[in-house]
Amino acid sequence: MHIPDGLLANNVNYFCGAVSLSALYCCNRAAIKEADDSKLSIAGAVTAFVFAAQMINFPIAFGASGHFLGAFFLALVLGPHLGFISMAVILLIQAIFFADGGIVAWGSNLFNMGIAGGLLPYAAFKLVHKSSPFFSKKRGFILLSSAAGYASVVAASFCCGLEIGLSKVAGVYEAVCSITFIHLVIALGEAAILSATLGLLSAAMPELFEPYVGSGADKTPENGLGESAAS
Amino acid sequence: MRKSRNSIFILFFIAAVVIALFSPYASQNPDGLDWTVEKYRKTEALVERPPGGAAFLFADYKVPFIKSEPVSTVVSAIAGVIIVLALFRVLSAFISRRREERSDKAVRQPDNAF
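Chains as they are written, first to last, in the numbering used here: chain A, 1 to 231; chain B, 1 to 114.
Accuracy of the hints is not assured; some may be wrong.
[To be verified] Reference excerpt, derived from the structure (chain B facing chain A, CB under 10 Å, subset only):
#1 V17
#2 F22
#3 Q28
#4 L33
#5 W35
#6 K39
#7 Y61
#8 F65
#9 V75
#10 I78
Just so you know, these hints were derived from the structure itself, not from any lab. C-beta atoms are modelled at their ideal positions from N, C-alpha and C, and glycine is treated no differently.
Given the sequences, and given the hints that come with them, work out the whole structure.
What follows is the structure in structure tokens.
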């Protein structure tokens, strides 16, 4: 879903770039304010993990392929602010070193994958998570996270289609329908990878998900690792 | 047993390297975006790199001077992992320093009140 340079109209890139940079500024300020070293110390490795996972395209139907997006996963593990910064770093490195996604289109890619694919699904996840104690159990948490992961890919692709349509590459309706349709299938892969990864991680490193699972779910929802992991 | 931050870091790093080793097996089919765009524009212009694309160090996840394609992909993937870690090292230092400045200011604030 990495938009190359030359695909979108300049105005679309400028608008998305302005929104993304504003969000990045706010997230940076919030990350500084949070003062949570436990998340900061693992952020590099978690970001590297998502970067590597994004390289593995899996084949789907209709001769297309998809890859793990990971924006919601980053928000879940590192918190929404640091998670958004991580996504910005991944997209920047992919654009500068790997020609994967454009440099001018970096803001649009961050808008799609960071805001629509990360911050929004995380906000929805938090709302639903609070609504029932079932989601504080491991099974409920993984189920809800997989659903949010699925929604994150669909939301990102919807925005991507909108941008393509507004850039007059295709009609807005055709572009949105076409790209969202194929990502409805790709998102199944995201949900499957997310549920498998969260299942493994919540068994091996339960402290990562303390704010969401078990008794810790009521305590510090903003703290990605919980206080205990910092010691 | 609880894991320290260091062991969590190492586990994620190892996972990233292991995934990077599997990168040559990634599907070559067009991704969701390319698949969509190809339907509307018959030329390849959209998926081509813009002018100056040759300047990218690991364009298309390949190292230019390594002939073997799988090795080239793996090396570029591991290079990417290292670049991400290095950049985050700098970023973490920046955020930590800003936090310290903030907390210093907060401590000094009562003295400067009057």
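Hint check results:
{"no.": "1", "hint": "V17", "in the structure": "holds (8 Å)"}
{"no.": "2", "hint": "F22", "in the structure": "holds (6 Å)"}
{"no.": "3", "hint": "Q28", "in the structure": "holds (8 Å)"}
{"no.": "4", "hint": "L33", "in the structure": "holds (5 Å)"}
{"no.": "5", "hint": "W35", "in the structure": "holds (4 Å)"}
{"no.": "6", "hint": "K39", "in the structure": "holds (6 Å)"}
{"no.": "7", "hint": "Y61", "in the structure": "holds (6 Å)"}
{"no.": "8", "hint": "F65", "in the structure": "violated (15 Å)"}
{"no.": "9", "hint": "V75", "in the structure": "violated (12 Å)"}
{"no.": "10", "hint": "I78", "in the structure": "holds (9 Å)"}
Checked against the numbered hints listed earlier, the structure breaks hints 8 and 9; every other hint is satisfied.
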